[in-house]
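*Asks:* Sequence:
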Amino acid sequence: MDLNLLSTFSAVYRHRSITLAAEELNLTQPAVSAALKRLEGVVGKALFVRSGRGIAPTGAAIALADKIEMPLAVLETIEKKQEITKVYCSESLMHLVCDLPGLSFIEAPLSDKQLLADIDTQKVHLAIDVATSMSQAHIVEDIFNEPAVCVCRKDHPEIGDTLSYDDYFNAHHIALKIRRNNVNMLDFLSEKPSPPRIIKAETGSVSSMLSLAATTNLLGASTRALAVHLAPMLNLKVFPIPLAIRNVQYRMIYHRRFINDDDHKAAREMLRSTIQHNQYQ
Numbered sequence: 001m002d003l004n005l006l007s008t009f010s011a012v013y014r015h016r017s018i019t020l021a022a023e024e025l026n027l028t029q030p031a032v033s034a035a036l037k038r039l040e041g042v043v044g045k046a047l048f049v050r051s052g053r054g055i056a057p058t059g060a061a062i063a064l065a066d067k068i069e070m071p072l073a074v075l076e077t078i079e080k081k082q083e084i085t086k087v088y089c090s091e092s093l094m095h096l097v098c099d100l101p102g103l104s105f106i107e108a109p110l111s112d113k114q115l116l117a118d119i120d121t122q123k124v125h126l127a128i129d130v131a132t133s134m135s136q137a138h139i140v141e142d143i144f145n146e147p148a149v150c151v152c153r154k155d156h157p158e159i160g161d162t163l164s165y166d167d168y169f170n171a172h173h174i175a176l177k178i179r180r181n182n183v184n185m186l187d188f189l190s191e192k193p194s195p196p197r198i199i200k201a202e203t204g205s206v207s208s209m210l211s212l213a214a215t216t217n218l219l220g221a222s223t224r225a226l227a228v229h230l231a232p233m234l235n236l237k238v239f240p241i242p243l244a245i246r247n248v249q250y251r252m253i254y255h256r257r258f259i260n261d262d263d264h265k266a267a268r269e270m271l272r273s274t275i276q277h278n279q280y281q
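FYI, the numbering for the sequence shown is 1 to 281, going by full-length UniProt numbering.
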């Protein structure tokens, strides 16, 4: 039997209300009603009947509630003790947070649609990314923003101590496969249309891009925090991008069901504090 059905039943039983149970579980009322019908199909008996403006449990519901109360409480306790908060994290910030206790980090997917879908299905508990969401089911909090920068190897034969607009568009570039709002990252950040770059390589990883820029004559791009962190190790030069582009805005995204969850709140505060205090290390 699907344990989610029993959790839904327990919420309805406690509240004597599909509406209040739906609010607690962050589900729609039709979803709660459908779960009850599925459970009634399993037990073979009606579980609730109309009573005035609300609903009342049947004898079968009372008996079922008595049987599952203790097991559900035990399962909830076990889950609380064993669960590690799973976080989708932008690669550019991973080095700041990956040592934090009680958290497990996964590089954010290339598609923002996949990122939001995985939050909805609880594959992850929250995400730190440049993506956003217009869904009422999601909480979106701005954490901080920083500029994007351009990088090249220190002994690049054509790039000196500055990077001009012409230098930028005459050079060959590495592009990121990551897409937000269905466009590549440079277009996502650009305040106005710009000429096409000469793309010679494409990668899904910022770290791969920086490594490639360090060993070829291609130009790469990164957020400032990661570029400053890795430039000394990779012998890279870091320049402002000579275009009108917005800063990279990082956001914390999570499902509304977790807004008052104490463990989730503690994880959010730990992440927020760590990133804001260490973003340029």
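Any given hint could turn out to be false.
With beta-carbon atoms standing in for the labels, derived distance ranges [said to hold, decoys possible]:
1. Gln-29 - Leu-100: 35 to 41 Å
2. Thr-274 - Asn-235: 26 to 32 Å
3. His-277 - Gln-114: 29 to 35 Å
4. Thr-274 - Gly-44: 49 to 55 Å
5. Ser-208 - Ser-111: 14 to 20 Å
6. Val-49 - Ala-137: 27 to 33 Å
Straight-line C-alpha distance at most 27 Å; calculated DSS-like pairs for lysine-lysine [unchecked claim]:
7. Lys-113 - Lys-86
8. Lys-45 - Lys-86
9. Lys-265 - Lys-86
10. Lys-86 - Lys-200
11. Lys-113 - Lys-265
12. Lys-177 - Lys-192
13. Lys-113 - Lys-67
14. Lys-192 - Lys-113
15. Lys-123 - Lys-154
16. Lys-123 - Lys-113
17. Lys-113 - Lys-154
18. Lys-200 - Lys-154
19. Lys-177 - Lys-200
If you are wondering where the hints come from, they were derived from the structure by calculation, not from laboratory data. For glycine and all other residues, C-beta sits at the position ideal for the given N, C-alpha and C.
*Asks:* All hints are to be evaluated individually against the structure, with a verdict given for each.
*Replies:* Status of each hint after checking the structure:
At about 38 Å, the beta-carbon gap between Gln-29 and Leu-100 stays in the expected band of 35 to 41 Å. At about 28 Å, the CB distance of Thr-274 to Asn-235 agrees with the hint of 26 to 32 Å. About 30 Å separates the C-beta atoms of His-277 and Gln-114, a value consistent with the hinted range of 29 to 35 Å. Under the hint 49 to 55 Å, the C-beta atoms of Thr-274 and Gly-44, about 52 Å apart, fit the expected range.
Taking 14 to 20 Å as the suggested C-beta distance range, the pair Ser-208 and Ser-111 conforms, at roughly 18 Å. Taking 27 to 33 Å as the suggested C-beta distance range, the pair Val-49 and Ala-137 conforms, at roughly 31 Å. Using a Cα cut-off of 27 Å, the hinted pair Lys-113 and Lys-86 holds, with the two alpha carbons roughly 18 Å apart. The suggested pairing of Lys-45 with Lys-86 is violated, with an alpha-carbon distance near 39 Å, which exceeds 27 Å.
The hinted pair formed by Lys-265 and Lys-86 meets the criterion: a straight-line CA distance of about 13 Å does not exceed 27 Å. Note on Lys-86 and Lys-200: the hinted pairing is violated, with a Cα-Cα distance of about 35 Å set against a maximum of 27 Å. Between Lys-113 and Lys-265 the CA atoms are separated by roughly 24 Å; this keeps the pair inside 27 Å, and the hint holds. Restraint check: the Cα-Cα separation between Lys-177 and Lys-192 comes to about 21 Å, which is no more than 27 Å; the hinted pair holds.
Between the alpha carbons of Lys-113 and Lys-67 the distance comes to roughly 41 Å, so the proposed pair goes past 27 Å and is violated. About 24 Å separates the Cα atoms of Lys-192 and Lys-113, which keeps this hinted pair within 27 Å; it holds. At roughly 41 Å between alpha-carbon atoms, Lys-123 and Lys-154 are farther apart than 27 Å, so this suggested pair is violated. With a C-alpha separation of about 14 Å, the suggested pairing of Lys-123 with Lys-113 holds against the 27 Å cut-off.
Restraint check for Lys-113 and Lys-154: not satisfied, since their Cα atoms lie roughly 37 Å apart, outside the 27 Å limit. For a cut-off of 27 Å, the pair hint linking Lys-200 to Lys-154 stands: about 19 Å separates their Cα positions. Proposed proximity of Lys-177 and Lys-200 is supported: the alpha carbons are some 13 Å apart, at most 27 Å.
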